Amino acid sequence: MKFLKKIIFFYYREYKLNLSGIQDILTNIIFFFVSIFIFIFSIGPDKETISFIGVGIIWTLLLLSSTLSLRKFYQDDFENGNLLIMHLNGFSFGFIAILKTLSHFLFVQVPFLLSIPIACILLNIANDKLFFLFASFSIGSLILSCLGSISSSMNLMNQRNFLLGSVVVMIFSVPVIIFSVGIINMEESFNSLLNILFGILLIVFAINPWASGLCLKLSLENN
Amino acid sequence: MKFLKKIIFFYYREYKLNLSGIQDILTNIIFFFVSIFIFIFSIGPDKETISFIGVGIIWTLLLLSSTLSLRKFYQDDFENGNLLIMHLNGFSFGFIAILKTLSHFLFVQVPFLLSIPIACILLNIANDKLFFLFASFSIGSLILSCLGSISSSMNLMNQRNFLLGSVVVMIFSVPVIIFSVGIINMEESFNSLLNILFGILLIVFAINPWASGLCLKLSLENN
Amino acid sequence: MIIVKDLTVERLDKKIFENINLSLASGNITILKGKNGSGKTTFLKTILNLIVPSFGSIYWKGKLLRTNLYDFYNNVTYIADKTTSLTKLNVKDNINIWKKIFLSNINDSQIEVALKTLKLENYLNQKVTTLSLGETKKLELLRLIIENKKIWVLDEPLSGLDDDSIELIKQTFEDHCAKEGSIIFSSHQNPGIYVTEEIHL
Amino acid sequence: MIIVKDLTVERLDKKIFENINLSLASGNITILKGKNGSGKTTFLKTILNLIVPSFGSIYWKGKLLRTNLYDFYNNVTYIADKTTSLTKLNVKDNINIWKKIFLSNINDSQIEVALKTLKLENYLNQKVTTLSLGETKKLELLRLIIENKKIWVLDEPLSGLDDDSIELIKQTFEDHCAKEGSIIFSSHQNPGIYVTEEIHL
Amino acid sequence: MKFLVNPSKFNEMSDYLFRPILILSIILFAIGLLFSFYLSPDDYQQGSTVRIMYVHVPSAWLALLTYAIMTLYSILALAFRIPFGFIFNTAVAPIGAVFTLICIISGSLWGKPMWGTWWVWDARLTSVAILFIIYLIIIFMNLSFENRIVREKVVAIFILVGSVNLPIVKFSVDWWNTLHQPATISKLSKPSIDPSMMTPLIIMTFAFILIGIAIAILRIKTEIISRKSYLS
Ligand code: HEM
Ligand SMILES: Nc1ncnc2c1ncn2[C@@H]1O[C@H](COP(=O)(O)OP(=O)(O)OP(=O)(O)O)[C@@H](O)[C@H]1O
Ligand SMILES: Nc1ncnc2c1ncn2[C@@H]1O[C@H](COP(=O)(O)OP(=O)(O)OP(=O)(O)O)[C@@H](O)[C@H]1O
Ligand SMILES: [Mg+2]
Ligand SMILES: [Mg+2]
Chain B
1 MKFLKKIIFF YYREYKLNLS GIQDILTNII FFFVSIFIFI FSIGPDKETI SFIGVGIIWT
61 LLLLSSTLSL RKFYQDDFEN GNLLIMHLNG FSFGFIAILK TLSHFLFVQV PFLLSIPIAC
121 ILLNIANDKL FFLFASFSIG SLILSCLGSI SSSMNLMNQR NFLLGSVVVM IFSVPVIIFS
181 VGIINMEESF NSLLNILFGI LLIVFAINPW ASGLCLKLSL ENN
Chain H
1 MKFLKKIIFF YYREYKLNLS GIQDILTNII FFFVSIFIFI FSIGPDKETI SFIGVGIIWT
61 LLLLSSTLSL RKFYQDDFEN GNLLIMHLNG FSFGFIAILK TLSHFLFVQV PFLLSIPIAC
121 ILLNIANDKL FFLFASFSIG SLILSCLGSI SSSMNLMNQR NFLLGSVVVM IFSVPVIIFS
181 VGIINMEESF NSLLNILFGI LLIVFAINPW ASGLCLKLSL ENN
Chain S
1 MIIVKDLTVE RLDKKIFENI NLSLASGNIT ILKGKNGSGK TTFLKTILNL IVPSFGSIYW
61 KGKLLRTNLY DFYNNVTYIA DKTTSLTKLN VKDNINIWKK IFLSNINDSQ IEVALKTLKL
121 ENYLNQKVTT LSLGETKKLE LLRLIIENKK IWVLDEPLSG LDDDSIELIK QTFEDHCAKE
181 GSIIFSSHQN PGIYVTEEIH L
Chain R
1 MIIVKDLTVE RLDKKIFENI NLSLASGNIT ILKGKNGSGK TTFLKTILNL IVPSFGSIYW
61 KGKLLRTNLY DFYNNVTYIA DKTTSLTKLN VKDNINIWKK IFLSNINDSQ IEVALKTLKL
121 ENYLNQKVTT LSLGETKKLE LLRLIIENKK IWVLDEPLSG LDDDSIELIK QTFEDHCAKE
181 GSIIFSSHQN PGIYVTEEIH L
Chain C
1 MKFLVNPSKF NEMSDYLFRP ILILSIILFA IGLLFSFYLS PDDYQQGSTV RIMYVHVPSA
61 WLALLTYAIM TLYSILALAF RIPFGFIFNT AVAPIGAVFT LICIISGSLW GKPMWGTWWV
121 WDARLTSVAI LFIIYLIIIF MNLSFENRIV REKVVAIFIL VGSVNLPIVK FSVDWWNTLH
181 QPATISKLSK PSIDPSMMTP LIIMTFAFIL IGIAIAILRI KTEIISRKSY LS
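So the sequences go chain by chain: B, H, S, R and C.
Position 43 of the first sequence, counting from 1, maps to 43 under the working numbering, and the rest follow consecutively.
Position 99 of the second sequence, counting from 1, maps to 99 under the working numbering, and the rest follow consecutively.
Position 93 of the third sequence, counting from 1, maps to 93 under the working numbering, and the rest follow consecutively.
Position 98 of the fourth sequence, counting from 1, maps to 98 under the working numbering, and the rest follow consecutively.
Position 191 of the fifth sequence, counting from 1, maps to 191 under the working numbering, and the rest follow consecutively.
Simulated from the structure, these hints should not be mistaken for lab results.
Among the hints, a few may not be true.
Stated by the list, open to error - The calculated DSS-like cross-link candidates involving lysine-lysine, where the alpha carbons are at most 25 Å apart (straight line), are:
1. S:K116 with R:K150
2. C:K153 with H:K217
3. S:K127 with R:K14
4. S:K5 with S:K88
5. B:K72 with S:K179
6. R:K33 with R:K82
It should be emphasised that the depicted structure is a prediction, and the values quoted were computed from it without experimental measurement.
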């Protein structure tokens, strides 16, 4: 019970920090749409081409939004000592990492997920692809959140080699993304491919609390 | 002489600061290339389409990643009081705005500029277009830096909703994008069109120190 | 409750302090003194198991601290030397978040009283960035009341405060000790707070 | 050199202080006292023309400050109540940047002496984040030496410092006044620094 | 005409006008709906989908009109330092956004049977979408900037700059050869002379205008009240 409450209140805090109200979520969504606009303006309004690369656009924007917010991942809470205070109040580092990862998913990726159906209309993506897009997208974005958590916790340490490490982790996301983008166009073998993606998710999700937790601990020690 | 020295040392400082945040720049560039890969994969290896939309993709990614780095524009220096200290040492706010804009161009956009040739190879863009791309891109990115400066100085007064500033920049850059992408495909009238782009640059460049300076002043007053 | 034996801490191969002993019983106040850079903050962080000492050991309720960590954390409030309130939010939001995330058993009227004695009651809707230095510090110290734990570990709690507030803190300390709590704090000056032990680093 | 007449400042339609007068001649030290939130920081910022007063005027060398701003800025060093050093860089880089960007006419040996008296000479390659609170403060105060201006405007320069360092600051203040400099600083305690004027907010 | 720029005069005037306007708008709306659903003929090509026009066109016009008026008030507020302009802009922006949204949604609903897709990237639709986003940005700026004085000015400048988009929306069909115009004009050129379609369109337009004014009055009044402290 106490445990559950802690989790709930953690998200209350994250919510307060991330959103000052509904307008922030809406701004996220607008950002998404404006980015789509920009793509279309620069690529040209040709219907065929647009529906052709529509999935690519959506994925790029997902990637953008998650890298865009990586700096906030732990940095703020680390610098103002909140990570420490939470740890002292019974959140183990690994647990914080899990909660933070999900919070990143919730507050950054989900708004995008919700706007995908409309984006599909704008981008002329066939309706029957929507499900595939959704499935691969949600799993893929969780993977990105986990990798982002590891990379940005590494970033907290002030040693050079860790800085490189965080970049390396980012590079790991390349195959994942390419894989997920590919999935959508292979409807026959979709399920088995999705399983593989899911497997990757399980692996990073299992590594994440351990790796991020360790990095958090080490960086607090050196601070 | 004293004036020149100040400018030089300002950039020495920016250089030191950016070097310590080198992973951010690296992340940006990785983002850039990963996105290109995504497009290539989602489109499939059809060379025609890729080279057709290549310029548009590069432009959009440039825009998105320069909004990605907007958060750093003034925020750090504002929060740790360095803006104040520099102002007290004879940098007027407008002057700071100019220097910062150029520094953003130098340390964020130029790395992209340098990676354009590689991107062109990946996207099958003809070599003879490279020059046009480069020219329009450098002017366009300076315009984006100016717009970014204005929007992020405004954002200092509104620290919650960071994305709003990005959205504003993106809306304003729609004409720039349409124009610049158009330019590259009209090789005959390239020069005259470039001149127009240059005109836009001059306008935003003239407005920038005034607008950003005012915003900086106001936000320091309220802090 | 806390016993520290022969604590030695090194950082970057530089010895910060050596062979420090301490025993903090309930009802005790310990002050930590020392020059700048002598390792007060380091010592407090070591007690909280945030820094691994190179030598020596720390006991909590007779057991090694490390084996008994979360029970210890359930009983300790740490106020760092910098402020941890969320500067983008206003005072009320900060208090609410603290109340919830610390699962505080303090009710609202008690917090209101505390706010009033700290003279913060008019700033509830003001953002923390716009508070004055001392006000931010007082807001930080409010965590002592909200968390309501037995052991207080405080890093320079008095810096930046005016005389009235220091007097208030003094009283709060005395009340806490009377209620069997214990306090360890670092400070450069001691304006008449009665302490049971003084450690010089 | 600085004359302040009937200064009144409001913030968010709340009156912070009213009708404050001050005249700071060269060789003078003025201390600013007052409770937390009484407006010391606000007053100093107003003097620096960073906050527009709702009433009253500030003169620099007989002229209105606003008309003569950059000449004033050329003569003033401001140490804020928070640290402005770049935390990601190490101490040496910070000093170098300051030296360059302030076009300091201080040579390296003088800075080395200052570093030594402040006992910072061993931390040159340490990142500012890992410095102790007092060390960061001392690094900040080093700006006084580096900028080498006539008027010092200091917001709580003594907080977080140990007694030795305070003694040092005291001496530095006296030296500066002997060299026709003037100082205005805010502080909650005054450990025996001789002041020519005391302003209570 | 002072009540158009002076808050207290506006308050007086709106006290007289609000009720009649509200009643009139409801009546007009009812008549308009009656006309557009029962008393007007089906289009010989579009069938009954043409009835979407009676919502689509008035809302489109009003979306543009609202923005145009906001631009005027921005000029008034910035150039002549009339604070009522700021009040007006803050109050009216959401109304314009709603009209734009209605226009987009009805247009999409119309587009599905007519063009076969919900959305195409032609100049008109794109510029309307941008108009919508500009409205949203204005609203969010109003919500998220803390410093009132700065916020008002920034928003007013933004409105001015954004007004570049208006002529693009209006004339995009003439300037570029787009899907929007041919599809409408070619099929409506004959019926548009037909009074049986013109009447409901005009009635609906007036109904929309009056409803807009009624809501605007309410919003402006609340806005004035919330600023009492500095206006008086
Ligand atoms: C989402 C899609 C649409 C948008 C955003 C849109 C937008 C607009 C706008 C802004 C106007 C006002 C133009 C002016 O005042 O001159 C307008 C007028 C009009 N629209 Fe649309 N429209 C959309 C879809 C459609 C469709 C599918 C049709 C019919 C096939 C249509 C038919 C008309 C007609 C008949 C007018 C009347 C004015 C004129 O003839 O210029 N619209 N629309
Ligand atoms: N992460 C770190 N890595 C290396 N050295 C460190 C680190 N953190 C602190 N130090 C050094 O350890 C010494 C002790 O620091 P500490 O913060 O404990 O001092 P302190 O007694 O709290 O001083 P103050 O009174 O200034 O707060 C300092 O010299 C500091 O430079
Ligand atoms: N930007 C602001 N907006 C509104 N109120 C502010 C702002 N900045 C400060 N204040 C308020 O003005 C009052 C004076 O603040 P100031 O920082 O000048 O106090 P101070 O005398 O320096 O206090 P301390 O001793 O705590 O540093 C405080 O009550 C503070 O809450
Ligand atoms: Mg310390
Ligand atoms: Mg202060």
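Against the structure, the hints come out as follows:
1. S:K116 with R:K150: 42 Å, violated
2. C:K153 with H:K217: Judged against 25 Å, a Cα distance of about 15 Å means the pair holds.
3. S:K127 with R:K14: 15 Å, holds
4. S:K5 with S:K88: 42 Å, violated
5. B:K72 with S:K179: Not satisfied, since the Cα-Cα distance of roughly 41 Å exceeds 25 Å.
6. R:K33 with R:K82: Distance of about 18 Å is within 25 Å: holds.
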